[in-house]
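A.B. asks: First to last, the sequence lines map onto chains A and B. 1 is the number of the first residue of the first sequence in my numbering; add one for each residue after it. 1001 is the number of the first residue of the second sequence in my numbering; add one for each residue after it.
If you are wondering where the hints come from, they were derived from the structure by calculation, not from laboratory data. Since the model is a prediction, treat every value here as computed from it, not as a measurement. Where a beta carbon is used, it is the ideal one built from N, C-alpha and C, also for glycine. It cannot be assumed that every hint is accurate.
[Unchecked claim] These stretches of chain A come out as covered by chain B in the derived footprint (C-beta under 8 Å, 3 or more residues): (1) 14-21; (2) 53-66; (3) 142-149; (4) 313-321; (5) 413-419; (6) 428-440.
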Amino acid sequence: MSLIGTPYDTTLPQHLRSLQREIEAYARAYGLDFYEVIFEVLDADEINEIAAYGGFPTRYPHWSFGMAYEELRTGYEYGLSKIYEMVINNDPCYAYLMRSNNIVDQKLVMAHVYAHCDFFKNNLYFAHTNRKMIDEMAEHGARIRRYVEKYGEDEVEQFIDRCKSIEDLIDPHSVAIRRREVRPKGALEQERDDESVQPARLKAKSYMDEYINPPQLLKEEEEKRRRLKEETAKKFPERPEKDILLFLIEHAPLKGWQRDILSIIREEAYYFAPQAMTKIMNEGWASYWHSKIMTEKALQPSEVVDYCDHHSGTMASYGMRLNPYKLGIELFRDIEYRWNTGRFGKEWEECDDWEMRRTWDKKLGLGRQKIFEVRRLYNDVTFIDTFLTPDFCREHKYFSYVYQEQGNNFVIESREFEKIKQRLLFNLTNFGKPFIYVVDGNYRNRGELLLRHEYTGVELHLRQAQDTLANIHYIWSRPVHLQTVVKEKPTLLSYDGNEHSMKTLGDSDDPRRRSDK
Amino acid sequence: MSQKIERDYQRFRRIVRGKIKSNLSKYITRGEFIGKRGNELVSIPLKQIEIPQFRYGARGMGGVGQGDGEPGQALTPPQEGEGNERAGDLPGAHILEVELTIEELADILGEELALPRIEPKGKKNILTTKERYTGIRQTGPESLRHFKRTYKRALKRQIASGTYDFARPLVVPVREDKQYRSWKEIPLPESVAVIIYMMDASGSMMDEQKEIVRIEAFWIDTWIRSHYKGVERVYILHDAAAQEVDEQTFYHTRESGGTKISSAYDLADKIVTKRYPPEEWNIYAFHFSDGDNWGDDTPVAMDVLKSRFLAKVNLFGYAQVESPYGSGEFYDYIRELARQRENVVASRIPDREAIVKSIKELLGTGK
């Protein structure tokens, strides 16, 4: 079966089909475990198109995919970049091969793809992802196209633009940890009804009404309910929430179609999140296996040079650009080596005899088993945190760099292990994005929205933060605020629909009191 | 390019060029690719729209890299504006800018001047596109609804949902059932074109005037070439006599002596008759002059146009470049002619500022 909606002839030619069977058998023999993989061959232009849609040709229409396409196409036309392969986390897995690849490249790519599929299927962080995402994406596309037809392209596009401005405000770990009860569908409407402050009136004939429903009493009752409502309303969310998209979906005064679009954006963000969280591991794992399968099984003598050329090109890394393929594969190999030779645990850590360390080999042979375990249980942050060692950093010449305001450039900061690890982890944590929480949905008791940036030493890009705030304001439709740090001072950024303001907060921890003045 | 990405791509291009009113215009960044062409580094401009998000600023930012170097060593040259990661992969190198492609240029020209697309008249050799129905979409105009597929889907849905009554087989499609024909653009061979440039090379055409001619001719070229593939060009210089020259000579020769415009028209007509039979070629002729013609030659020139040349060309454009020696009255004759003949246009170019207006006049006919 070909992908729904693609007008291409994508069937795998006979010679590639037999290659596929060969590589698949090797992969299974090594213990890789994957869903069925369907390969399709595409031309450069088609693969660029599909890549622009994040792998889903049926995705909803938006200019940003056109922009991605232009970048890919230009890069390809000038010979700067080329997509050899693409894999979609789905059951069955879909993988696209570039038609113009030579045979050895196709082999390599297939081996690479099978390892990716193994990773998708087995890594814990992918456990929640929708394995019928291709269908789901097509469905999203159909829904948004329908809204475009009904409400107009400009209207819908503008709303999507705003959603995309906040699409990263999710809580990727919430899929594994239940932070709070999920509201059942319809509960929202219920709540809104309950919120009504109008006390019920008893049925009465008009001339009796004044006696049966005394206005005085009704007024008092209404007052009482209003106060009660304000009190309870103040408490939402109960605790700061990181899934701001969910909060907006549940509480922002959106129209039905807008709420649906925001939900679509959120769902797709959660689908893609694990791929961003495991980029180093996933690419490292796939590279480890393509190298293994190629060099031990699949490679013909005549293909060695081409293979080496391609492989080393993929692994190249120098200067400021950290290559996830390289870091990942080397770290997996290092783990395998360490667990094979027993270079782990207390005894190894505490040994400071250089000669003993150099020749250390307990012949445990646990390496293979260990890396399979690692690919199941870790994400990039825990992977680096657990397995990056000083020896490894020294051997691979890693350094940390920092932005220098003085020269307006980047300089090498340090070659110390701790510093390197800290920088690396910082850039991987939360996708290298700041932590933003929604703190109060009824700020100053005026239905305004208060967000908080959890400051960890790096400040926000101010102009972008303000523009993002404006986009949230559009969705929330009441003034929005962000507590953050600007030029080392706690600051409240606000947008009320007309203008931005910036207030430095005093020593008081409570921004509420300050800004109420 | 499939129709789907084409739409998103065009939408993006139009936002970037400011053709769609959008809040996004302030987020357009001028990025670049650094590529290699031969031994030279080239910069390929790449406009992007950066949707604002909560991101970290440059202050205190850093990362991890790999390779040699001592702490304190600079990795990038000082950057303009706020630091961003993309800049500075290739420090200190000499970089050339890559120009726009001719197609892009023509598109921009067409959009800016609201020029009508040219409708070719010939039939040979050349690529144009035709739409052909090849696929199926979920949305579309009702007139393109695919009845059979729509019916089948509706039937399936009704059977699946149990609303189909075998005793009363009424099938009513809902929106989700509807299927529409979609089309693909298919290149078809069509016609070829030749552009004939004629220029008055008499002494009164100074360097500035020639520069104007060159700029104008470049845009005319760009526009016409975007509609035809394999456009040929003919250059004719004239003073009292006309001769066919190459492009280089055309722009860099300065003659003196008198002016007989008829000589150029006559030569152009001969070339067309000999090499570019009008039934196969789309012929465009442009004449640049300061308008000073020998008095008794004007009726002769007009006669060549009227009786022979005009019948053969898609478009004849006369552009009068005004020089410090004043400008002649030949413009008025052509203008008069333009009233009678559809395929004649006349334009005046007093200075560089007027080039845009003049291009619009020359190419605004859609011929």
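A.B. asks: Now look at each hint and say whether the structure bears it out.
C.D. replies: Hint-by-hint comparison with the structure:
Counting residues of the segment 14-21 of chain A whose beta carbon lies closer than 8 Å to any beta carbon of chain B gives 0, which falls short of the minimum of three for the stated coverage. Under a criterion of three residues with beta carbons nearer than 8 Å to beta carbons of chain B, the stated coverage of the segment 53-66 of chain A is upheld, 8 such residues being counted. Here's how the segment 142-149 of chain A fares: 4 of its residues keep a CB closer than 8 Å to some CB of chain B, so the rule of at least three is met and the hint holds. Against chain B, the segment 313-321 of chain A contributes 5 residues with a C-beta closer than 8 Å to a partner C-beta. That satisfies the three-residue criterion, and the hint holds.
Residues of the segment 413-419 of chain A with a Cβ under 8 Å from some Cβ of chain B number 3, which satisfies the need for three, so the listed coverage holds. Counting residues of the segment 428-440 of chain A whose beta carbon lies closer than 8 Å to any beta carbon of chain B gives 4, which reaches the threshold of three, so the coverage claim holds.
In summary, the structure is inconsistent with hint 1 from the numbered list given earlier, while agreeing with all the others.
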